[in-house]
Amino acid sequence: MIRRAKLVGQGVAVGLVVLLLALFAWSLATEEGGTLAAAAARGERPPAPDLTLERLDGGGELALSSLRGKAVVLNIWASWCIPCKEEAPYLERVWRRHRARGLVVVGLDAKDFRRDARAFVERFGLTFPIVYDGPGDTLGRLGVTGFPETFVIDREGRVVDVIVGAITSDDDRARLARAIEEALGG
Amino acid sequence: MRALALLVALGALALAPAARGGDPPSAADLEAEIVCPVCETTLDQSNAPIAERMKLFIRERIAAGDSEQEIKDALVAEFGPGVLATPPKRGFGLLAWALPLAGLAAGIVVVSLLARSWARSRRVAPVAPPVEPELERRIDEELARFES
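Going line by line, the protein sequences match chains A and B. Using our numbering, the letters of the first sequence map in sequence onto residues 1 to 186. Using our numbering, the letters of the second sequence map in sequence onto residues 1001 to 1148.
Chain B extracted, bound-state conformation (with noise of 0.2 Å):
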């Protein structure tokens, strides 16, 4: 029992760094999920000033510590949430993921259920072709010599 919470304790001690703050953000990530406002795309495919003060800002703010989340809030409280590439996966823009999500649920619903029914319609037995009358009255034949 003693070993387990040293263990515990040990695995708790190894996690504490990257729980406290991890890996700086990268410039590059961030630069691919931010919309430049002006020219309406990423930062990294523009050179736009607007985009290049805002690279600046970026490097600023990871420079001076700040996690990918803070630094994504504060561009959003400076030009609103349209500067996100992604919309946020809380509110309003939970609705941007979840509807993509509802709408291939809907049609795995379609497509099962049309499966499913094809598949019942081919289980009916197939319709037996009419005999021809040559062949019926030789089978009667040799039905009759068969049970005489």
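The following block holds chain A by itself, in its conformation from the complex (with noise of 0.2 Å):
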């Protein structure tokens, strides 16, 4: 009876760990981590992830997946991230410059009040389309590691660039600018 108790115990108990072993591979196998950031350093260019957010203005869903065929450059930002304001306006110039070349620029407003996302939309005048993650689930996935970054993606859905932090400086600019060129296929 003892031995039997005994027995079973222990077979529990290395499941359990074989399961917590399994559940620990797994962390490591989904977790982008900034791999993405990293690779594009390294010239390759690799899969974006297939988010589908919702949209900030409530008109349903939007999924990255549709916009292949276009360039995109998907902006990482919230409303209370200082930096994110100061990039707003110029991401804005952006999109209306390039977006009659196939270019897309999409806001990804996350960790944040829908309420206060709207202001600060508003409050920039923002018109390029904007999805929302408030848990922020979606940012372990990309591998976003601070608010704002900025990820350059190309027609075919792959990474070109990753820019992190602010794009405020001459050099962040035309860093940016050389990645939608690439992104764009021109």
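The hints are simulated quantities; they were obtained by calculation from the structure and are not laboratory data. Keep in mind that the hints are not guaranteed to be accurate.
Short derived list, chain B residues pointing at chain A, Cβ under 7 Å [said to hold, decoys possible]:
1) V1038
2) P1049
3) A1074
4) V1076
5) E1078
6) F1079
7) A1115
8) R1116
9) A1119
Every residue gets a Cβ at the ideal spot worked out from N, C-alpha and C, and that includes glycine.
Bring the two chains, given one by one in their own frames, into a single complex with the hints.
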């Protein structure tokens, strides 16, 4: 009786350890953890994850895959992020300048109140599509390490460049312009 | 009978305000139960911009007369269930509450089973040490003398 109980206990303990190891392996396999930025920096073009998120304006959902065939500038921001305020007007100008060539700027507002995000959009007169991810669940898949971050994705859905931090200096703007040209295939 | 009905009615009247709303929720309590989505600590431990904004939201909702549950629900609607420091006692969150209790119950069962088997093994009569030959001989002599 006791020996049997011992065996069952040992079996349960071993099973739990195996389960925990499997969970750990799964988390390592699914966590992007900045690998997109690292791969893009090495000159590779890793595929961007297919994100589907609600639109901040309440107009249903937007899937990144639905923009295949266009170049995408995906900007991660939040209304409470001060550097995000500095770069927002510039991103609006980029969108207006290149949209006719097949570029879409998408804002991804994360870890934020919808109301605050809408006020931010109105304040800076942003007209490009904005998606909302309050819990920030997609940030891990993108490997986002902070706010703001900007992903430039080509027409085939591959990441061309990842710019960490606000795009405010001339160097950052030149880098974004180069990445956009590359993403557009120009 | 009439007196009892009157007593019940008075009791119901006395409890009515509490049933309607009770005390307003405490901002400090809520700040200890809500997690800042950026720094992953409770709001009372954080001064991140979003944490400060959430504290302001809580105070606004308390002033507007919302209950603790309404405020939590509103925050979950914005930031997801991960914003709660403790999982909800319903749905999948119930598992987080039930599993430790189930583990405790299983532990009690295992310990009681082990204790029972240990007690049973203690109840078996101890084996007497062998009697020395000299002593055995003397006992036999004493018995023989006693019987004769």
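Consistency of the hints with the structure:
1. Interface hint status for V1038 of chain B: upheld, as the beta-carbon distance to the closest one in chain A is roughly 6 Å, under 7 Å.
2. Checking P1049 of chain B against chain A: minimum C-beta separation of about 4 Å stays under 7 Å; hint holds.
3. Among the interface hints, the one on A1074 of chain B is violated; its C-beta lies about 10 Å from the nearest C-beta in chain A, farther than the 7 Å criterion.
4. Checking V1076 of chain B against chain A: minimum C-beta separation of about 9 Å lies over 7 Å; hint violated.
5. Interface restraint check for E1078 of chain B: the shortest CB-CB distance to chain A comes to about 5 Å, inside 7 Å, so the restraint holds.
6. Of the supplied interface hints, the one on F1079 of chain B holds, with its beta-carbon coming within about 5 Å of a beta-carbon of chain A, less than 7 Å.
7. The beta carbon of A1115 of chain B is not positioned within 7 Å of any beta carbon in chain A (closest approach about 12 Å), and the interface hint is therefore violated.
8. At about 10 Å, the closest approach between the beta carbon of R1116 of chain B and any beta carbon in chain A exceeds 7 Å, and the interface hint on this residue is violated.
9. Because the smallest distance between the Cβ of A1119 of chain B and any Cβ of chain A comes to about 13 Å, over 7 Å, the interface hint for this residue is violated.
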